[in-house]
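Please build the complete structure, drawing on both the sequences and the hints.
If you're matching them up, the sequences are chains A and B in order.
Count along the first sequence from 1, then add 17; that gives the number in the working numbering.
Count along the second sequence from 1, then add 17; that gives the number in the working numbering.
I should point out that these hints are in silico values taken from the structure, not numbers from a laboratory.
Each hint should be verified, as a subset may be incorrect.
One copy or two, it doesn't matter: identical chains are merged, so the pair holds either way.
Listed below are the simulated SDA-like cross-link pairs for lysine to any residue, each with C-alpha atoms no more than 25 Å apart in a straight line [to be verified]:
| no. | residue 1 | residue 2 |
| --- | --- | --- |
| 1 | K146 | L366 |
| 2 | K324 | G334 |
| 3 | K146 | G326 |
| 4 | K324 | R358 |
| 5 | K146 | A30 |
| 6 | K146 | R39 |
| 7 | K146 | A37 |
| 8 | K324 | E136 |
| 9 | K324 | R218 |
| 10 | K324 | H123 |
Note that the structure is a prediction, hence the values are computed from the model and not measured.
So you can see what is in the structure, the chains are spelled out below.
Number of protein chains: 2
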Amino acid sequence: MADAMSTLTPPSAQARTAAAERLAGLATPAGALGRLGELGVWLAAVQGQCPPLVPQNVRAVIFAGDHGVAAHGVSAYPAAVTPAMVRTFAAGRAGVSALAHTHDVHVRVLDIAVDDDLEGIDPDVQRFKIRRSSEPLHLTDALTMAETQAALEAGARIAAEEIAAGAQLLISGDMGIGNTTPATALIAMSLGMPAVEVTGRGTGIDDAAWEHKKDLIQQGLDRVNARADQDGELRPVEILAALGGADLAAAVGFMVAAARAGVPVLLDGVIAVACAVMADRIEPGAAAWFAAGHRSTEPAQSLALDKLGLEPLLDLGMRLGEGSGAVAAVPVVRSAAALLRDVALLSELAI
Amino acid sequence: MADAMSTLTPPSAQARTAAAERLAGLATPAGALGRLGELGVWLAAVQGQCPPLVPQNVRAVIFAGDHGVAAHGVSAYPAAVTPAMVRTFAAGRAGVSALAHTHDVHVRVLDIAVDDDLEGIDPDVQRFKIRRSSEPLHLTDALTMAETQAALEAGARIAAEEIAAGAQLLISGDMGIGNTTPATALIAMSLGMPAVEVTGRGTGIDDAAWEHKKDLIQQGLDRVNARADQDGELRPVEILAALGGADLAAAVGFMVAAARAGVPVLLDGVIAVACAVMADRIEPGAAAWFAAGHRSTEPAQSLALDKLGLEPLLDLGMRLGEGSGAVAAVPVVRSAAALLRDVALLSELAI
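Structure representation (structure tokens):
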């Protein structure tokens with residue numbers, strides 16, 4: 018996938034221009050819609066039409082996976098929470114389930130790399146399973162290149178299925194104890210920043226565990242940088258293998274495929290944004306198809322959004338993961354589309 | 018109304034406690050829901066039940082009115098826009114209409130003080146009309162005390178009608194060229210701040226008009242302060258008569274009545290927040306029934322929200338009025354209720 022010839026086309030400049038003109042002609046004071054005006058223009062561009070449709074068929078996929086590094090004290094929770102939460106998603110009782118039900122968003126949970134057999138679960142949940150967990154990224158590569166490629170391709174097939182189901186907007190969610198560690202490592206590596214400047218507390222670790230988490234992430238960065246010094250700069254897919262995980266690689270493949278297919282993606286927290294950074298490195302320009310749903314409390318997420326040139330729609334101090342922040346932001350996207358589509362034009366009013 | 022014996026009861030402490038306990042027991046990391054967790058607890062308290070219902074019957078009332086001060090160069094738009102926009106609301110083609118349709122919010126527009134006969138409009142729109150426009154507040158009192166009382170009582174009757182229609186959450190919207198001037202004056206007077214520190218650009222005036230607007234607001238403040246020096250401190254209703262307008266007074270009456278009836282109100286921008294400040298002065302404790310929908314670009318709105326102890330849910334740079342920021346925030350309120358209501362408890366998971 019990563020080596021394939023790029024098939025990316027940018028969002029429609031023509032629709033963007035038409036939308037900016039329409040926005041200026043609405044029966045509202047200039048600029049009065051604030052960010053919703055800009056978001057409406059982006060929607061027109063990614064949909065290639067003005068006015069944009071209000072996206073009704075919004076589809077979230079939760080990429081679940083465990084991480085070898087989680088056994089080394091980087092999380093407040095044991096890895097057994099991951100399969101328990103996969104069952105909670107399947108039962109529709111998780112945070113993202115409640116939000117998705119409220120805002121009419123379709124949710125699908127997939128076991129990409131959960132360190133459990135999940136006996137008795139709907140077999141569809143495991144159709145794209147790559148492996149159990151990953152190797153501890155501070156000691157060795159998290160994945161082989163073959164596993165990474167397989168995960169990227171799985172993500173692309175998952176995106177294709179969701180698009181075939183009519184997705185007008187896609188969301189990538191995550192579940193996996195320890196997953197802020199690989200996500201933070203990928204962002205630190207991509208931004209060229211040390212672990213100490215980007216690492217957050219994930220689900221809520223204490224000061225000692227936080228220092229330890231920074232150390233492990235820095236070990237991973239040092240390990241990869243040492244290889245780069247010896248062999249030359251690593252390709253993005255090699256970085257993903259070294260510091261990522263199969264669930265993250267699948268989400269990256271999902272985002273690259275969405276951008277190539279011209280379907281917009283609404284980003285969630287630090288996991289999704291790390292994957293977006295990698296997707297944009299694998300397929301330069303992919304980020305033009307992404308919008309940021311919410312600002313998480315993880316410093317790496319804000320830093321990576323700045324790099325991508327994206328500003329979040331919501332800032333509610335959420336740090337739940339699961340795609341929850343993006344699902345919570347779906348109504349904001351619909352608001353923006355509805356305003357640009359349905360508000361009268363000044364030229365229609367008799368003043 | 019203002020002199021009536023208080024009938025306010027605070028939101029339920031029992032439901033608040035139960036909700037805080039439920040929040041702590043959800044199958045999410047502690048604090049991971051951020052502001053949505055706190056908002057869910059507030060919803061439980063104002064509904065008097067835990068878990069809270071997801072508010073489906075949300076009703077917005079747009080209080081339309083003109084302002085005498087608008088003839089003195091404080092707005093970028095002529096007063097003829099007010100009746101044109103009332104017709105646009107009635108036709109369902111305004112900004113708030115598009116948002117309300119998208120998020121299933123009921124909208125009702127009422128001509129409280131539009132400086133136009135609005136010939137041919139549905140007579141229900143004018144059932145609560147108090148007068149045409151108001152007196153220029155920098156020169157003289159905007160309203161008589163009798164008009165102010167009539168507007169407060171009209172607002173209370175309107176709230177009663179909306180509550181009888183099943184409102185689970187109320188929104189007060191506004192339309193009126195020049196209305197940020199009385200709203201800013203009311204906030205400045207309540208906060209004891211000079212006009213220069215609180216006055217914004219409304220719909221987008223240039224620097225010269227902005228300076229002029231500050232001057233007129235300060236003239237109004239000086240006029241009222243001079244009276245207070247002579248006759249003693251003015252009652253909140255007297256300040257509303259001096260610096261408000263019939264549309265604002267009706268919105269104040271609406272909020273006081275909602276709080277007394279135990280129905281929560283989601284606040285919009287500077288007009289609604291100015292009315293909320295006055296409602297809380299007329300009926301101390303009313304603000305416990307209010308939440309802030311969005312942060313407007315008007316400095317007076319943020320300063321007044323601080324005074325009320327409220328933090329907005331959205332911060333999207335909107336300055337449209339109409340109740341639009343509050344309607345855009347309705348899905349956030351629904352998200353909060355759904356999370357506290359529908360997410361599994363940790364005790365239900367088998368980990």
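Evaluation of the provided hints:
1. K146 to L366: For K146 and L366, only the inter-copy Cα distance (23 Å) is at most 25 Å; the intra-copy one is 57 Å.
2. K324 to G334: This pair counts as both: shortest intra-copy Cα distance 21 Å, inter-copy 22 Å.
3. K146 to G326: neither (33 Å within a copy, 49 Å between copies)
4. K324 to R358: Classified as neither: same-chain Cα gap 31 Å, cross-chain 37 Å, threshold 25 Å.
5. K146 to A30: neither (39 Å within a copy, 48 Å between copies)
6. K146 to R39: Answer is neither; intra-copy 46 Å and inter-copy 35 Å both fail.
7. K146 to A37: Intra 44 Å, inter 38 Å, cutoff 25 Å: neither.
8. K324 to E136: For K324 and E136, neither the intra-copy (41 Å) nor the inter-copy (55 Å) Cα distance is at most 25 Å.
9. K324 to R218: within (21 Å within a copy, 32 Å between copies)
10. K324 to H123: Cα proximity of K324 and H123: none, with 29 Å in one copy and 41 Å across.
Consistency note: the structure conflicts with the earlier hints numbered 3, 4, 5, 6, 7, 8 and 10.
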